Amino acid sequence: MPQDIAINGDNAVALAWKQIDPDVCAAYPITPQTIIVEKFAEYVANAEVSTEFVCVESEHSALTLCTSSASAGARTFTATASQGLAYMWEMLPITAAMRVPLIMAVANRAVSGPININNDHGDAMAARDCGWLMLFSENVQEAYDMSIVAPRIAEHHSVQLPCMVNLDGFVLTHAIERMTMVDTQDVKNFVGEHQPLYPLLDTKHPVSHGNMDGPDYYYPHKYQSVQAMLKALEVTREVFKEFKDLTGREYHLVEEYRCDDAEYVVVVLGSSFGTMKATVDMLRESGIKVGCAMPRIFRPWPMEDLAKMMEGKKAVIVFDKHLSIGSYGPMFPEVVAAASDLEKLPKMYNVIYGLGGADATVAGFEKSLKAVVDGKAEKIHYLGVRL
Amino acid sequence: MTSLALKDLQKLPVRLTSGHRLCAGCAESIIAKQILMGSEDEVAVSLSTGCFEVSTTVFPYTSWNTPYIHTAFGNGAATCAGLETAYNALHKKGKIQENINFVNFAGDGATYDIGLQALSGAMERGHRMLYVCLNNEAYMNTGIQRSSATTIGAQTTTSWPGSVSSGKKEFSKDLTQIMVAHNIPYVAQVSPHNWRDTVTKAQKAFNCGGPAFINALSPCPRGWRFASDQTIAMAKLGVETCVWPLFEVVDGKYELTGESARIADGKAQKKPVMDWITSQGRYKHLLQDKWEPVIEQMQAEVDRRWNKLIKLSEL
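Residue numbers (the working numbering), protein chains in the order written: chain G, 1 to 387; chain A, 1001 to 1315.
Hints are computed from structural coordinates only; laboratory data are not their basis.
For clarity, every value in this text was computed on a predicted model and none was experimentally measured.
Misleading hints may appear alongside valid ones.
Said to hold, decoys possible - With a cut-off of at most 20 Å between alpha-carbon atoms, the simulated DMTMM-like pairs for lysine to aspartate or glutamate come out as follows:
1. A:Lys-1092 x G:Glu-193
2. G:Lys-231 x G:Asp-216
3. G:Lys-204 x A:Glu-1296
4. A:Lys-1204 x A:Glu-1170
5. G:Lys-204 x A:Glu-1301
6. A:Lys-1092 x G:Asp-21
7. G:Lys-18 x G:Asp-183
8. A:Lys-1271 x A:Asp-1251
9. G:Lys-244 x G:Glu-255
10. A:Lys-1095 x G:Glu-193
11. A:Lys-1095 x G:Asp-21
12. A:Lys-1270 x A:Asp-1251
13. A:Lys-1095 x G:Asp-202
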């Protein structure tokens, strides 16, 4: 029977991986991800998993070791955050181009400098162009559920891409919430046996991984990744459906809350989706027709689903927990691009919030949204910044 | 272990095929073939970015008739360690039955400089893998820039000799000793002219049951400025001048091998460093009178390291 437990986000991710029991895990400690690896090391120490666990000397080596391990045909996972993800950056596009389906939990944290250990999406957003699948979670349950669905999407033979499972640092990693576990045997059955393509350690059929491409092959290989990403949208829908059949919990490429009859919609990522739902409820009580949506999957970008959601809206307000300094928040131009083919383009606003762990409150969100409704909002608004 | 008779060695599987794009006279493929001859079992190969990598794997071709991987420049040791880790996981679960050895080949830039952290980490963790440094004493793939393996006085494209410069200012880092300090089961220096010594050391390295490190002198006609038919002669001269002694350290015990053992025993003559300097265009400027002190410094440092090695081998 599915069991309800109290658990924090990091431990929930570790629990999912204990149930999956991967072949290899290599990781390096970094706040606020560390609990995942600590907990997993405990499972290793007590033979609760059969995983080969490697404590590497850096995140660069963590992702390298995981990439070659996955190329060799082992089901592999790792976890990181912030500077760790930045230190991995050289390897991120290599891992993706090698088409290895390893999974990485990212405990989203601000990137230095100044050094800051708290939550924002600066780490994940700086990695968004690297060719990885990217899933986001609103709460601990979702961080756990996304960890279970991720290998199914990544390892699908028509996808074959690495996947980041994002969960907000501290807000989710360290917060204890009530969560429903999936039975371990159900997890194992759902994820299934790993069926790697062209595993490197098949010595009877030697293959070369990571060759050099000239211009005549580099571009076509990148285009193959584009096709795999498009395929991933379809595969993700199928996997979500199967997951719903198993658990009753339903996920979509774009999660919507009270959007149907809304005049104003907010697009927001991660744990703030929950805060935004509460804000929407409050504003609805005062008669403002507002809704909110979260792209569950950030890569591939669910362009069509977002466009459909935005159709006929008066305004769209994109909340970004990161800033491309000198431009907008990273999600804003992407939402604008998704809306660009609509017959009537909604007014588009960008709100920057929560950088380096700055407060993300219902009161703050309410103020930003009221400014839009009252026609007083600026194109880009830096919510809550102390001047 | 496989017999070292040439008639037996030539029957071994060809793991690195001909048709690769290395320069004429490059020592890297020669060394790699000698190292691979040391493995009786299947071998999976990883390469750090560099000459060897770009010359053997230009898509859609590959020169590797054995499992091969490359990821990036500074992480060859971690790449190789990942294969070994996956092997351990899959072997334990019965998904792989056979024995497989693991080797990473990397240039000196990828080893002494950018890859030192990953190398140190992999050695400390005890992965069953061999790391081979193809040491041509500079960043040759990018066009002969100095590395921390470049010897004092050498001309490179980032250490030009000039009116106030005698070329590279510093002595090379003694990386082999740093690897010995990791207390791994096997460390050695090799040179491709002595193929018997190299294959023997590769056999020991593959069979040591843990991490092993081999530093191979890899003469580079382009970077060192010598004729491409002189590669093996150059490799031999490096050992005869004691610029590149042959030795191994098995579980901490030093032993000189090949010509180096004979020189130490007084059975062969130690040639002056001047012979090494005059053999290569990269040292040509040192022959000006004003740089004579640099040659003296070089000889003194070669002597100091050589004498220390003799003492270590007597322990």
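Hint-by-hint comparison with the structure:
Restraint check for Lys-1092 of chain A and Glu-193 of chain G: the C-alpha separation of about 16 Å stays at or below 20 Å, so the hint holds. A C-alpha spacing of about 24 Å is found between Lys-231 of chain G and Asp-216 of chain G, which places the hinted pair above 20 Å, so the restraint is violated. For the given pair, Lys-204 of chain G sits about 55 Å from Glu-1296 of chain A by alpha-carbon distance, which is inconsistent with the 20 Å threshold. At roughly 33 Å between alpha-carbon atoms, Lys-1204 of chain A and Glu-1170 of chain A are farther apart than 20 Å, so this suggested pair is violated.
The straight-line distance between the Cα atoms of Lys-204 of chain G and Glu-1301 of chain A is roughly 49 Å, outside the 20 Å bound, and the hint therefore fails. The straight-line distance between the Cα atoms of Lys-1092 of chain A and Asp-21 of chain G is roughly 14 Å, inside the 20 Å bound, and the hint therefore holds. Taking the CA atoms of Lys-18 of chain G and Asp-183 of chain G, the gap is near 12 Å; set against the 20 Å cutoff, the hint holds. Under the criterion of a C-alpha separation no larger than 20 Å, the hint pairing Lys-1271 of chain A with Asp-1251 of chain A is inconsistent with the structure, at around 30 Å.
Under the criterion of a C-alpha separation no larger than 20 Å, the hint pairing Lys-244 of chain G with Glu-255 of chain G is consistent with the structure, at around 14 Å. Note on Lys-1095 of chain A and Glu-193 of chain G: the hinted pairing holds, with a Cα-Cα distance of about 12 Å set against a maximum of 20 Å. At roughly 15 Å between alpha-carbon atoms, Lys-1095 of chain A and Asp-21 of chain G fall within 20 Å of each other, so this suggested pair holds. Between Lys-1270 of chain A and Asp-1251 of chain A the alpha-carbon distance is near 28 Å, which puts this suggested pair outside the 20 Å criterion.
For the proposed pair Lys-1095 of chain A and Asp-202 of chain G, the alpha carbon gap of about 10 Å is at most 20 Å, so the pair holds.
Hint check: violations occur at hints 2, 3, 4, 5, 8 and 12; the rest are consistent with the structure.
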